[in-house]
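S.K.: Following the hints, put chain B in place on chain A, whose structure we already have.
There are 2 protein chains.
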Amino acid sequence: MTVRTHSGTIDETKVGEKVLIRGWVQKRRDLGQVVFLDIRDRSGLVQVVFSPEIDSEALAIAERARNEYVLEVEGTVVARNENTINEKIATGKIEVHAQSVQILNASKSLPFQIEANTDASEDIRLKYRYLDLRRPDMQETFKLRHQTTKLIRNFLDEQTFMEIETPMLTKSTPEGARDYLVPSRVHPGEFYALPQSPQIFKQLLMVSGFERYYQIVRCFRDEDLRADRQPEFTQIDIETSFMDKEELLAMTENMMAKVMKEVKGLDVTLPFPRLTYDDAMNRYGSDKPDTRFGMELIDLTEALKDTEFKVFKSALTTGGTVKGLNLEGGADKLSRKEIDALTDFVKQYGAKGLAWLKVEEEGLKGPIAKFFTEEQTSALTEAMNAKVGDLLFFGADKKQVVFDSLGALRLKFGKQFNLIDESKYNFLWVVDFPLVEFDEEAKRFVALHHPFTSPKKEDMELLATDPANVRADAYDLVLNGYELGGGSQRIYQRDVQEKMFAALGFTPEGAKEEFGFLLEAFEYGTPPHGGIALGLDRFVMLLAGRHNLRDTIAFPKTASASDLLTNAPSHVSLDQLLDLNLSVIAKKTEKVL
Amino acid sequence: MTVRTHSGTIDETKVGEKVLIRGWVQKRRDLGQVVFLDIRDRSGLVQVVFSPEIDSEALAIAERARNEYVLEVEGTVVARNENTINEKIATGKIEVHAQSVQILNASKSLPFQIEANTDASEDIRLKYRYLDLRRPDMQETFKLRHQTTKLIRNFLDEQTFMEIETPMLTKSTPEGARDYLVPSRVHPGEFYALPQSPQIFKQLLMVSGFERYYQIVRCFRDEDLRADRQPEFTQIDIETSFMDKEELLAMTENMMAKVMKEVKGLDVTLPFPRLTYDDAMNRYGSDKPDTRFGMELIDLTEALKDTEFKVFKSALTTGGTVKGLNLEGGADKLSRKEIDALTDFVKQYGAKGLAWLKVEEEGLKGPIAKFFTEEQTSALTEAMNAKVGDLLFFGADKKQVVFDSLGALRLKFGKQFNLIDESKYNFLWVVDFPLVEFDEEAKRFVALHHPFTSPKKEDMELLATDPANVRADAYDLVLNGYELGGGSQRIYQRDVQEKMFAALGFTPEGAKEEFGFLLEAFEYGTPPHGGIALGLDRFVMLLAGRHNLRDTIAFPKTASASDLLTNAPSHVSLDQLLDLNLSVIAKKTEKVL
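Chains A and B supply the protein sequences, listed in that same order.
Mapping of the first sequence onto my numbering: residues 12 to 604, in sequence order.
Mapping of the second sequence onto my numbering: residues 12 to 604, in sequence order.
Hints are not guaranteed to be accurate.
Because identical chains cannot be distinguished in the list, a pair is counted as satisfied if it fits within a single copy or across any two copies.
Said to hold, decoys possible - With a straight-line cut-off of 30 Å between C-alpha atoms, the simulated DSS-like cross-links for lysine-lysine are:
1. K316 / K435
2. K119 / K468
3. K119 / K510
4. K161 / K256
5. K29 / K344
6. K272 / K161
7. K104 / K38
8. K154 / K269
9. K376 / K510
10. K161 / K275
No wet-lab data here; the hints were simulated from the structure.
Bear in mind that the values here come from a model prediction, so they are computed numbers and not experimental data.
Okay, chain A solo, but in the shape it has when bound:
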């Protein structure tokens, strides 16, 4: 018998059949004369019985088997007694009586158990990643990732997209995040860069007339890591020619709907809602709002336009804003101490403080209540729909500070008070982003998405004169408060691209040196084109109901960009460095030769 049967597929229809199974010992019970082993493979597990009545040689070997030993068992499928039936598993009505068994490999005691819920620290899990990945929840997550990828590929194939691979050894460009560099041995002193995205290449493929390109592709950013960032990540990368924004959004929605249906069994409503960037910021203090709950930011500019309260007045008269957040019924939920602690929380986002008021029967109470006239109090109460028992918070500062701090506070409350329906999948388009934003450090405009994003047609004239007020023909796809991806219509005319580079502070010579090949390509019949890129890791994380990006990546890096399993990065030999004409200098600040 050489054909293997997967453990998890052996059910009552196979009673009486001979089976050959190969897998791991999930659990053993040694009752002296009888040994029960649960044998697991990726399909599931089955109970195998060893006894002298069945085969004493097999029993003798089975007695030596421990958890996670790898076995090959031949046996016969037998129906279980009524009283030993386990309805919880697919193989629970049968067991396999082992006529022979072979130990294919042994196993030491494990640093943690192979089970869905582990209390092992993440460091231990990452060091023994090959064991962590055996755990059923991890196996499920990677099955889901495979299924999702496959669905997306099939969808795009059906839509006549072509998968085309782009280079990993590319050119470093000055825009965007920090590049990972790769020294060249053949060209001493020169470097490749690992791609932050295949952006330019996919646009060039449009110049080549491929019309519909996709790739599920690795991208790299050498940035300081956060919980939802990895130095290498996977992107569903799409570019199309002759497709306008509406067609592209509709296609993307259909793709998402297909995945949601097949993977989660959910029907999502199409089209997805849309918010302009301005509305998203004003209502949620975020360009990737979690719309699974309300508690929107409330604009108080009108209600408090005449306020003499210094903090508010100064915000309003210097181009800033005043906004409120109503934590309904919050007066009883937070102690004075807890409220005070929130000040530290919002300070992380640049706020100088956090004003608040309780709504009581007698009116608004709290440290700032005294600053408002009766009229203002009433306007405020009405604007914020404040009812007795509510707790009101206020942000007054530059707009961005108010958005960031109250937006974060809103999310914090949402989680803290279980306002979020975790079963919901709220897709949302955020549109009409600003094309550029001012970078205080670089003292120049930088592209909010990237320098190839097209201005909206109606704002095209402003590009040369007032870039800050140009809206981009760009769209972000948001899911449950995460930015799932972003796309745009691209610039496809040389003069527009040159104006964009100029707006970003490039000299004509500088633009030509960095992007000359692209500018030149635009002169050879470049079609109108646009595309989108979606983060696969993040999408899988949300689909799997996980909260850590690392759980969706087979071999992830830690927050310090290390691989705890292989110990990458590591020192290399002097010969390797000499080959590359490199030397390591002791300190960042030290002078270079």
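M.R.: Leaving out everything else, chain B in the frame of chain A:
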């Protein structure tokens, strides 16, 4: 009208319909009052007619259009006159009468024409790759690549393989080819390596119990490039647990057969023939023989065992070999001068010279004829099946030199005299490779495949005592003289892996430092496993009937690993180097700080 119709799909069934097409001007004929434009998109092309009778405004715009302009045309499909029908193209029975046209983008004159056969130099083609990719043969090649990839994915999906991604930022290991390194910013002086293959990670996934893994994945080697090498290349990477060699070969054959059937319409015969490594070397002088033609190397050890001819005798008495090659009917094909020139050819492969003989009516003629007795002459003639008019070549040296030089000569003759049936696709397995080979430079054994390849069971005992004579449980897939890929059963027991590292000259400490995590993994229930990796670029090259790997890669590198389009690699800013704690040293030989 907003729904676009693809040019190449407009046929006589659409006569009378209104169509909207978008594409490039492939050809224009301006007959004064009538302008004909062939509009091309990726589906094909269609003839569009502009005239005052149809629409004079459209005509005026069309007159400005030049080759490769991007147009949007609305018009009506009209049947052509009998005498203007073009049977060669799908749209040859109709034309589109243009009611309106819009120039979406203009184009300068191109550096070369968009046509299948170009006489542009490869450097120009690479510099303007976005135009080169517009050429129909390149479009076809990338369609074929997409189709092939898709077929392989679908096949593996059906076989319950899971696509799992492995890291690109990995650890540099001392075995194998030269790594591309990536400096770490967070860990000064440390480096990641780009993967030469996901070998260790895919084995760890087997330890994790995924059982069937695949990935179509980018790999990197910083080696000096040849025509069929690129610094980054794409691998169809497969690993399985519990599948023995025969199952894996059969599955791979079925996958290849499916691609050949779907892509080329060819039925390949299964199973593929197999040759042992020894037979391949002895018969073809190559471990990747092109079996589309005969002209095998002939062993003359027996026929010439008593020779006194010094060159041959010395080879035979020092463990070398003497082999012959019969270029049938070659006596008339090569002049004396051409024969002499072949000496230089074989010298590239380490041969000291090239002995030869012509077969004439009167017997063997040539410089070395006099060295053989009548008996030897007769034995030689018989062994080489020599007939009048044949030209015989001889190699006598160390085995490897004879294999390399006569093997290369055989291929050269095969091409030169059209002995190869280019329509054939000859798949072949080469099996039973040596596990290790002696590296004269490093003065130690190195793995012929990689250090994780299992010895054949029957040779296992020799691993500690006589590694040179251990055969590997490895298999290369060869197609038409190209190594399409290689695979093996892997070592999965710690003690065997330790013996292997010892055979390769590692100290126990050294092995532990470099591969400790793998050795440890083998102690936690590692299943028997094996896998294979196939070169996608090379496979596509052969399927497309191309002879240059660069034609199958959208944005390839030159032989000096440069991208002529973007000018990668390039210099980076001092800040970037400082971030990485690196300085560039002037010369390879200079002392490092």
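S.K.: Each of the hints needs a verdict: does it hold here or not?
M.R.: The hints, checked one at a time:
1. K316 / K435: Neither. Shortest intra-copy (38 Å) and inter-copy (84 Å) distances fail the 30 Å Cα cut-off.
2. K119 / K468: Cα proximity of K119 and K468: across copies only (25 Å, versus 66 Å in one copy).
3. K119 / K510: between (65 Å within a copy, 20 Å between copies)
4. K161 / K256: both (25 Å within a copy, 28 Å between copies)
5. K29 / K344: Neither way: K29 and K344 sit 63 Å apart in one copy and 66 Å across, limit 30 Å.
6. K272 / K161: Both: 14 Å inside a chain and 23 Å across chains, each within 30 Å.
7. K104 / K38: Close inside one copy (18 Å), not across copies (72 Å); limit 30 Å.
8. K154 / K269: The answer is both: 17 Å in one copy and 25 Å across copies each meet 30 Å.
9. K376 / K510: Result: close neither inside a copy nor across copies, 54 Å intra and 78 Å inter.
10. K161 / K275: both (15 Å within a copy, 25 Å between copies)
In the structure shown, a violation is registered for the earlier hints numbered 1, 5 and 9, in ascending order.
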